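**Student:** Read off the chains here:
Number of protein chains: 2
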Amino acid sequence: MYRSHTCGELRESHIGQEVILAGWVQKTRDKGFMIWVDLRDRYGITQLIFDEERTSTALIKKAQALGREFVIQVKGKVIERESKNENLFTGGIEILVKELEILNSSLTPPFTIEDQTDGGEDVRMKYRYLDIRRNPVRNNLMFRHKVSMEVRKYLSDQGFIDVETPYLIKSTPEGARDFVVPSRMNAGQFYALPQSPQTFKQLLMVGGMDKYFQLVKCFRDEDLRADRQPEFTQIDCEMAFVEQEDILQVFEGLTRHLLKEVNGIEVKKFPRMTYDEAMCMYGNDKPDIRFGMKFKELNEVTKHREFKVFNDAELVVGIVIPGGASYTRKEIDALIDWVKRPQVGALGMVYIRCNDDGTHKSSVDKFYDQDDLFQIANTAEAKTGDLICILSGEKNKVRAQLSALRMEVATRLGLRKPDEFAPLWVVDFPLLEWDEETQRYHAMHHPFTSPKPGQLELLDTNPGDVKANAYDLVLNGNEIGGGSIRIHDRSTQEKMFDYLGFTPEQAKAQFGFLMDAFQYGAPPHGGLAFGLDRLVAILGGQETIRDFIAFPKNNAGRDVMIDAPATIDEAQLKELNIKLVSKP
Amino acid sequence: MYRSHTCGELRESHIGQEVILAGWVQKTRDKGFMIWVDLRDRYGITQLIFDEERTSTALIKKAQALGREFVIQVKGKVIERESKNENLFTGGIEILVKELEILNSSLTPPFTIEDQTDGGEDVRMKYRYLDIRRNPVRNNLMFRHKVSMEVRKYLSDQGFIDVETPYLIKSTPEGARDFVVPSRMNAGQFYALPQSPQTFKQLLMVGGMDKYFQLVKCFRDEDLRADRQPEFTQIDCEMAFVEQEDILQVFEGLTRHLLKEVNGIEVKKFPRMTYDEAMCMYGNDKPDIRFGMKFKELNEVTKHREFKVFNDAELVVGIVIPGGASYTRKEIDALIDWVKRPQVGALGMVYIRCNDDGTHKSSVDKFYDQDDLFQIANTAEAKTGDLICILSGEKNKVRAQLSALRMEVATRLGLRKPDEFAPLWVVDFPLLEWDEETQRYHAMHHPFTSPKPGQLELLDTNPGDVKANAYDLVLNGNEIGGGSIRIHDRSTQEKMFDYLGFTPEQAKAQFGFLMDAFQYGAPPHGGLAFGLDRLVAILGGQETIRDFIAFPKNNAGRDVMIDAPATIDEAQLKELNIKLVSKP
Chain R
107 MYRSHTCGEL RESHIGQEVI LAGWVQKTRD KGFMIWVDLR DRYGITQLIF
157 DEERTSTALI KKAQALGREF VIQVKGKVIE RESKNENLFT GGIEILVKEL
207 EILNSSLTPP FTIEDQTDGG EDVRMKYRYL DIRRNPVRNN LMFRHKVSME
257 VRKYLSDQGF IDVETPYLIK STPEGARDFV VPSRMNAGQF YALPQSPQTF
307 KQLLMVGGMD KYFQLVKCFR DEDLRADRQP EFTQIDCEMA FVEQEDILQV
357 FEGLTRHLLK EVNGIEVKKF PRMTYDEAMC MYGNDKPDIR FGMKFKELNE
407 VTKHREFKVF NDAELVVGIV IPGGASYTRK EIDALIDWVK RPQVGALGMV
457 YIRCNDDGTH KSSVDKFYDQ DDLFQIANTA EAKTGDLICI LSGEKNKVRA
507 QLSALRMEVA TRLGLRKPDE FAPLWVVDFP LLEWDEETQR YHAMHHPFTS
557 PKPGQLELLD TNPGDVKANA YDLVLNGNEI GGGSIRIHDR STQEKMFDYL
607 GFTPEQAKAQ FGFLMDAFQY GAPPHGGLAF GLDRLVAILG GQETIRDFIA
657 FPKNNAGRDV MIDAPATIDE AQLKELNIKL VSKP
Chain L
107 MYRSHTCGEL RESHIGQEVI LAGWVQKTRD KGFMIWVDLR DRYGITQLIF
157 DEERTSTALI KKAQALGREF VIQVKGKVIE RESKNENLFT GGIEILVKEL
207 EILNSSLTPP FTIEDQTDGG EDVRMKYRYL DIRRNPVRNN LMFRHKVSME
257 VRKYLSDQGF IDVETPYLIK STPEGARDFV VPSRMNAGQF YALPQSPQTF
307 KQLLMVGGMD KYFQLVKCFR DEDLRADRQP EFTQIDCEMA FVEQEDILQV
357 FEGLTRHLLK EVNGIEVKKF PRMTYDEAMC MYGNDKPDIR FGMKFKELNE
407 VTKHREFKVF NDAELVVGIV IPGGASYTRK EIDALIDWVK RPQVGALGMV
457 YIRCNDDGTH KSSVDKFYDQ DDLFQIANTA EAKTGDLICI LSGEKNKVRA
507 QLSALRMEVA TRLGLRKPDE FAPLWVVDFP LLEWDEETQR YHAMHHPFTS
557 PKPGQLELLD TNPGDVKANA YDLVLNGNEI GGGSIRIHDR STQEKMFDYL
607 GFTPEQAKAQ FGFLMDAFQY GAPPHGGLAF GLDRLVAILG GQETIRDFIA
657 FPKNNAGRDV MIDAPATIDE AQLKELNIKL VSKP
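Protein chains in written order, with this note's numbering: chain R, 107 to 690; chain L, 107 to 690.
For reference, chain R alone in the conformation it holds in the complex (with noise of 0.2 Å):
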């Protein structure tokens, strides 16, 4: 037994109590006569006291060596502070250490262990153990720590089973690219690291499980952005004998379980959107819907006069900044150029001020007459003192940009509040969407999931427009759980996957399990999932993921920690039948 108590727990009900601690040196002040010790551990700080008229001579001179992080154990009596500290929960008391002893010593951290430290993201990365040992770091972890638990406890409650699925299947070129993994025992074969148990769960819910969740690592082998890991964290849901109404209204309630249970704010019922709407007002599949600033369509209000920019173009679309009017030139120039940042690629921005005095002043001015502003500023519903910036070009290009502006206005204004939630669900995607560089249609969500009734016949004619039963759950702008409604039956799928392009031989050599399945008495199902390392970040009012996972990899995929990847014997690699291709 290496402690009595932890270093968060004494009070002053416990003065006089002999204890024993045990934990990490914070800091140290020493007064010759007198020194104080801070010693941490994961549940907070006591403060010890070595004192000249107390303390033996000895035991002063082993205070005096003990450094940064030496862990060390010490015995004495909890005593009444002099002058206590009211922003620490044991603030009211010390420790008069009796004996001491250093467990460990430790070099100096090549950062500082505080709150606010000095070490930058890579060092901090290299040494991660030690970055864990930070409150914010340790605080994020815990974080987590709860909000999986409640999770599970909610859907554990609502009839939900945890169900194991496998982390070696097989490689599917849909979607993607796979990690892989060598077999000894079959050689010339691989497995391949889920990108999400999606199959499996299917095939629970042909095996009647009804419920299925599971918190589940998954792996993608993409190019990383930022902010986006290799292995990342699902909570992977499934329920079969659903409709959409069904699969909404649970995870909507475990959504607004963890909003209450873990930031204590109660959220009543989320507003719906379909896609088309989302697009159109907040030019975004997932909008921030803390603040207004909808978009608003004006090409009929711009048409009349010989703007070419604006006649030519497919959309004309503006935002009104609140209380923008007052931005001076330099500023609003300032937006113009950061709209025309290659990342954000509008080729210029309209403005119209709306003047105190109900005059607008415009960057068009040339084109359109006070009237004319006055009836785009109406259609825009601004109001005086406010700033509309228009933007206007290909339709989803446009979308994008505006919207890129939309959210950068926003954060500049204040009004992405971390600790404000509003979550909405966004539905009826569409089943597919044109990928330019294959020039062919995808499955927006995946190949399994369901065209709304009577819409299949749509594909051959219209397939833009068919749409899925498929639904994102949204929050503060972020896209925390999709889903769909998945196809049960072996015709359709075949169709399906007829459509996206596998001739029945590829069809069958990937999926034929699947399809055999559904062969077999498939129950309608349906499923969502979250992700989790988001979830838990927003949740905890940050936006950066890496900050809440324990030991995550740099943008080239590598833990700089343990340094990993790495090389590996040649006699493995002839143990799994593989050799390396020498790079030219």
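Hints listed in this document are in silico derivations from the structure and should not be mistaken for laboratory results.
Nothing here was measured: the structure is a model prediction, and the numbers come from that model.
Among the hints, erroneous ones may be present.
Identical chains share a label here; the pair holds if one copy fits it or two copies do between them.
Claimed, not checked - Okay, derived cross-link-like pairs now, EDC-like style, lysine to aspartate or glutamate, Cα gap no bigger than 16 Å in a straight line:
1. 601 to 563
2. 232 to 622
3. 323 to 337
4. 167 to 205
5. 614 to 669
6. 183 to 124
7. 614 to 418
With chain R fixed as given, assemble chain L onto it according to the hints.
**Tutor:** Below, chain L alone, put in the same frame as chain R:
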């Protein structure tokens, strides 16, 4: 909404209600004028009734066309059953069907979906999604869910934090073979899948997480013996500032909690036994103590005669089979044949029958007279009516052989009762074990296990005698958990690596991050891991882990349902910078 109730829910209190049910057709009984259908889902079975008087002819026809495993939805009224079925919770009622919709048809399943199925192992694995519909398999998976939930709840309540550790880590040649994952972004390099999160959980302790747990998949590329899986699940735990006693307390608590919550059994304090005692008394470091038949060493009492086999043997040891004197000569010969099988490998077996008249009959009467045999029986604590079975030879071998015999006899006598639970701790394991193949000592547990205090010095002189701070939790003859107090200082860890044959360069390349971490204030720590698959099987009163895994692999490491592993595209190989070596 496909259903208003499940098939396990309706009772006599629902009589008169209009309900909607959905599920699978378990069976139909068609008497022409009356048809009964057993409708099944995860929750139970409800009887549907169609009859001439109350059901339309069209509906009767539709019902007559129903095949086994069709998925249907029915609307109807709950009515009282004429002949009630006491064995069914829903046995007091039936549903008078008014509407019937076939949601999906089914081919005839390749085996019957019954508790006792006619399907062999291979076909059930290929159609695992149908096998899961069977009560025994589904109940096993639900049982596993319950155990997992209870484990998480208990540990979380004890202050353990569930931290997810990475799956894409670094290969280490020590121990079993790793599965590896070629990295596309880091050409020529590989990740490895973890055999356990050992180093990460130790780093979490260095990082001050204090108490960690995780239910986590682990991977070992081993030649699969019966009932081993290439991927398996661990309850992985670690604690800081603990001694062995603290860990035994916590996990004895967890195990007791599970036995109580899951099996409804209260177990007293677990007995403890040293490794040496276990080997001496049971010839086995995971003794089944549900029954006696302890080993009796007989060298002393047998050596005064001219029986060279015993006199030359390092160990002469016997067990007493209660009531075994009644075995016929043929039965005894069968036992002798059993121990002589290559899997056991004994050269022979000596028996002594303790006859009812007080005489003894032995296979070595030539060497030992009645007095001798009485002395031997006395030493073996055999009673009238018992049979003593004696093996002799090299100590380790003969212990293993007699242990096998002991278990076999107990099984035959029905002493290994699946509903009886006898946990115990085996402690003080040797630090090292001799490996005949490499002619070297290996870490018995793993290279991070600490020697008992003061024993490090023995390493150079009597390495086989060094005891470790290592312990196993044994339940009914199975190791269900094992762990150790770890080394937490760099110099001891270096010494250990050196002893195990690592060059300093190898140690640094593979575990440098851990040894670095030990320099920055690593606390004393230790932990334990349970094999969840095995634990669940034993708690479930069964021995085969495969029956508790949703989608297990066969002995060749294949998933026969999805047919994995499989070949992958040339393009995929190329991206990964590897190519196949064609076998000669």
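**Student:** If a hint holds in the structure, say so; if it doesn't, say that too.
**Tutor:** Cross-check of the supplied hints:
1. When the C-alpha separation of residue 601 and residue 563 is checked against a cutoff of 16 Å, the pair qualifies only within one copy, where the shortest distance is 11 Å, while the shortest distance between copies is 72 Å.
2. In this assembly of identical chains, the alpha carbons of residue 232 and residue 622 lie at most 16 Å apart only when taken from different copies (11 Å versus 48 Å within one copy).
3. In this homomeric assembly, residue 323 and residue 337 come within 16 Å of each other (Cα to Cα) both inside a single copy, at 6 Å, and across copies, at 14 Å.
4. Taking CA atoms no more than 16 Å apart as the test, residue 167 paired with residue 205 passes inside one copy only; the shortest distance there is 12 Å, against 88 Å between copies.
5. Proximity of residue 614 to residue 669 under the C-alpha cut-off of 16 Å is restricted to the inter-copy arrangement: shortest distance 11 Å between copies versus 40 Å within a copy.
6. Proximity of residue 183 to residue 124 under the C-alpha cut-off of 16 Å is restricted to the intra-copy arrangement: shortest distance 4 Å within a copy versus 71 Å between copies.
7. In this assembly of identical chains, residue 614 and residue 418 lie within 16 Å of each other by CA distance neither inside one copy nor across copies; the values are 48 Å within and 66 Å between.
Of the hints listed earlier, the one the structure fails to meet is number 7.
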